[in-house]
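*Asks:* Listed below, chain by chain, are the residues.
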Amino acid sequence: MPHHDGRRCRSRAASGAGIALLCTLSPLSGARAAPDASVTATAVRSAPLAAILAEAKASHAPLVLVNVWATWCDPCREELPDLLRVYRAHRVEGLRLVMISADDAEARAQAGEALATAAARAGIGRDLDATSYLKEDDDMKFIDGLDPRWSGALPATFLFDAAGRRVHSWLAPITFADLDPEIRRQLTKSGSGAKRGGAGGAPGADLPQTSRRRNP
Amino acid sequence: MNLAQISIGFSLAVALGTPAALAAEGSGALALGTKAPMATARMKNVDGKMVSIADVAGRAGTLVIFTCNHCPFAKGWEHRIADISNSYAKKGIGVILINANDPAKYSEDGWAEMQARAKALGLQAPYVVDETSAVARAFGASVTPEAFLFDKSGKLAYHGTVDDNHQDAGKVQKRFLTDALDAVVAGKPPTLPETKSLGCGIKFHSNS
Chain A
1 MPHHDGRRCR SRAASGAGIA LLCTLSPLSG ARAAPDASVT ATAVRSAPLA AILAEAKASH
61 APLVLVNVWA TWCDPCREEL PDLLRVYRAH RVEGLRLVMI SADDAEARAQ AGEALATAAA
121 RAGIGRDLDA TSYLKEDDDM KFIDGLDPRW SGALPATFLF DAAGRRVHSW LAPITFADLD
181 PEIRRQLTKS GSGAKRGGAG GAPGADLPQT SRRRNP
Chain B
1001 MNLAQISIGF SLAVALGTPA ALAAEGSGAL ALGTKAPMAT ARMKNVDGKM VSIADVAGRA
1061 GTLVIFTCNH CPFAKGWEHR IADISNSYAK KGIGVILINA NDPAKYSEDG WAEMQARAKA
1121 LGLQAPYVVD ETSAVARAFG ASVTPEAFLF DKSGKLAYHG TVDDNHQDAG KVQKRFLTDA
1181 LDAVVAGKPP TLPETKSLGC GIKFHSNS
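Protein sequences, first through last, are from chains A and B.
To convert, note that position 92 of the first sequence is 92 in the numbering used here; the numbers rise steadily by one, no gaps.
Quick note: to get the numbering used here, add 1000 to the position in the second sequence (first position is 1).
Note that these hints are calculated values from the structure, not bench results.
There's no promise every hint is true.
[Claimed, not checked] With a cut-off of at most 20 angstroms between alpha-carbon atoms, the simulated SDA-like pairs for lysine to any residue come out as follows:
1. K1171(B) / G191(A)
2. K1091(B) / K1155(B)
3. K141(A) / R1059(B)
4. K1075(B) / A107(A)
5. K1152(B) / R1059(B)
6. K1155(B) / A1116(B)
7. K1174(B) / D139(A)
8. K141(A) / K1174(B)
9. K1075(B) / D138(A)
10. K1090(B) / D1179(B)
11. K141(A) / R1175(B)
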């Protein structure tokens, strides 16, 4: 499968489900230099939501955390460190992070730089294997495709299980304390947390849950 | 199986994982058919006068838009919002623009900046301050810009966004708000009564 923009991508046959394109951090050949020379910009590519979610499912990760953000959105940038801390804490248990930017296509390089800088500050640096996209769909299709209860206010974060079911939505800025217990609970439920010693959470309903805290 | 088939399958899985009861809850905003809450609450306009939603109610309907100065989406639509406000006022639609953001979080959303923006846009409708965000909370508004259009009987007929392209007015294909306004002016229900767009979360005042 071809790849562009200097991404280091690998094709992987997803058991009977086609091809998943997984991109990891690598230099962006055509991108502007990152402000911090020690940071390599994260590759960001445009894709429709259905393809993004299909790729996430095909990765066979037990949990996929999807965050919708934008470079110009202050609450989005403010929550990035906590989001990345949660990812760093649980990626060994299979948590996958998918970042979807609502920026204009012209801000692609800027989005990659912002993510890479935040990752470096979170102590993940070049090990960040989050997959990053620019939103391609029209807004209503995109919003309702993630959660019909979502108004479209940025930022928003969604948790999907291995079967591609949405199991939780955070429709407001998040903190580590918001995400961590739910991710622990879901990892335990999936067996991934328990296998790797993750702390279990209180048993809860099997229905998708929503946390609706007002923007600060 | 190709990527499209995977996508369809995945979308179905997502859909099946969403209980209908939860999906029907919407975003918590005012339900269609209900009347404007806090309609008599007076808010400070850019001209210094106190104005309520009831004060601006039009004979054909009333348009309430929660917006602000700083948000890139609000900026993208601001000229279209001003044009719509000014033109539909002549068709009997009362219009009020409400800024519920806490200017302590974005100084660009302060009253003086609102005055400058209203003047620059040639805005004829009131652009008022919801100084505790109480009105936005009562509406269940959560994003800027977010429009609530009430028909001539005062019932919510349309809730949602302006159109399908905040970046470029020349590339708009679906004019949600003006379609709804035309319907309300004609005394008919809008064909598409609820729409959505990405936007900035309202920066609610925390002292209320």
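*Asks:* Hints first: check each against the structure and report whether it holds.
*Replies:* A quick look at each hint next to the structure:
1. K1171(B) / G191(A): violated (48 angstroms)
2. K1091(B) / K1155(B): holds (18 angstroms)
3. K141(A) / R1059(B): With Cα atoms ~35 angstroms apart, K141(A) and R1059(B) exceed 20 angstroms; violated.
4. K1075(B) / A107(A): holds (17 angstroms)
5. K1152(B) / R1059(B): Measuring from Cα to Cα gives roughly 6 angstroms; hence the hint holds.
6. K1155(B) / A1116(B): Status violated; Cα separation ~32 angstroms.
7. K1174(B) / D139(A): holds (12 angstroms)
8. K141(A) / K1174(B): Roughly 14 angstroms between the alpha carbons, so the hint for K141(A) and K1174(B) holds.
9. K1075(B) / D138(A): holds (19 angstroms)
10. K1090(B) / D1179(B): holds (16 angstroms)
11. K141(A) / R1175(B): holds (16 angstroms)
Comparing the model with each earlier hint shows violations of hints 1, 3, 6; every other hint is respected.
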